[in-house]
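*Asks:* Sequence:
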Amino acid sequence: MAPKITDFVEEAGAPGIIAGIGAVLLAPVVIPVVAGIGKPIAKTLIKGGITLYEKGRGAFAELGETWEDIVAEARAELAEAKQLPAPVETSSDNADKMA
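Quick note on our numbering: the sequence shown kicks off at 28 and runs consecutively.
The hints are simulated quantities; they were obtained by calculation from the structure and are not laboratory data. For each residue, glycine too, the CB sits at the ideal point set by N, CA and C. Incorrect hints may have been included.
Ranges of calculated distance between the beta carbons of each label pair, as one might list FRET restraints [as the list claims (entries may be wrong)]:
no., residue 1, residue 2, range
1, Gly83, Gln110, 39 to 45 Å
2, Gly65, Ile97, 45 to 51 Å
3, Phe87, Lys109, 31 to 37 Å
4, Ala62, Pro42, 26 to 32 Å
5, Lys66, Ala99, 45 to 51 Å
6, Gly85, Pro55, 27 to 33 Å
7, Glu89, Gly43, 56 to 62 Å
8, Gly47, Leu72, 30 to 36 Å
9, Gly63, Arg84, 28 to 34 Å
10, Glu81, Ala106, 35 to 41 Å
The whole structure should be built from the sequences, with the hints applied where relevant.
*Replies:* If you want it as structure tokens, here you go:
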């Protein structure tokens, strides 16, 4: 069964009805004040978000470049290791070093 207005009025009681009437009467005054305060706060939050985004983008770009440099160095070292075989010491090499 659909709720009736009379049921709402009975449940809300006098304090609820007075608060509702007060809200309706004060809304034209309160809403512009809240909007006037809320807009600068919202703009400040948006500016902060944009600043953090830009700094984060720069940091991630720098991190990516550093990572690419490290990978390139590792590949160069692997390529160098494949080209130059490790020197094998012989007994005559040891004798030359001791003399």
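*Asks:* Hint by hint, say whether it matches the structure.
*Replies:* Here's how the hints hold up against the structure:
1. Gly83 - Gln110: 39 to 45 Å: holds, 41 Å
2. Gly65 - Ile97: 45 to 51 Å: holds, 47 Å
3. Phe87 - Lys109: 31 to 37 Å: Roughly 33 Å apart at Cβ, these two residues keep to the hinted range, so it holds.
4. Ala62 - Pro42: 26 to 32 Å: holds, 28 Å
5. Lys66 - Ala99: 45 to 51 Å: holds, 50 Å
6. Gly85 - Pro55: 27 to 33 Å: Because 46 Å falls outside the window, the suggested range is violated.
7. Glu89 - Gly43: 56 to 62 Å: holds, 59 Å
8. Gly47 - Leu72: 30 to 36 Å: holds, 32 Å
9. Gly63 - Arg84: 28 to 34 Å: Check passed, 33 Å falls within 28 to 34 Å.
10. Glu81 - Ala106: 35 to 41 Å: The hinted range 35 to 41 Å holds for Glu81 and Ala106, with Cβ atoms some 38 Å apart.
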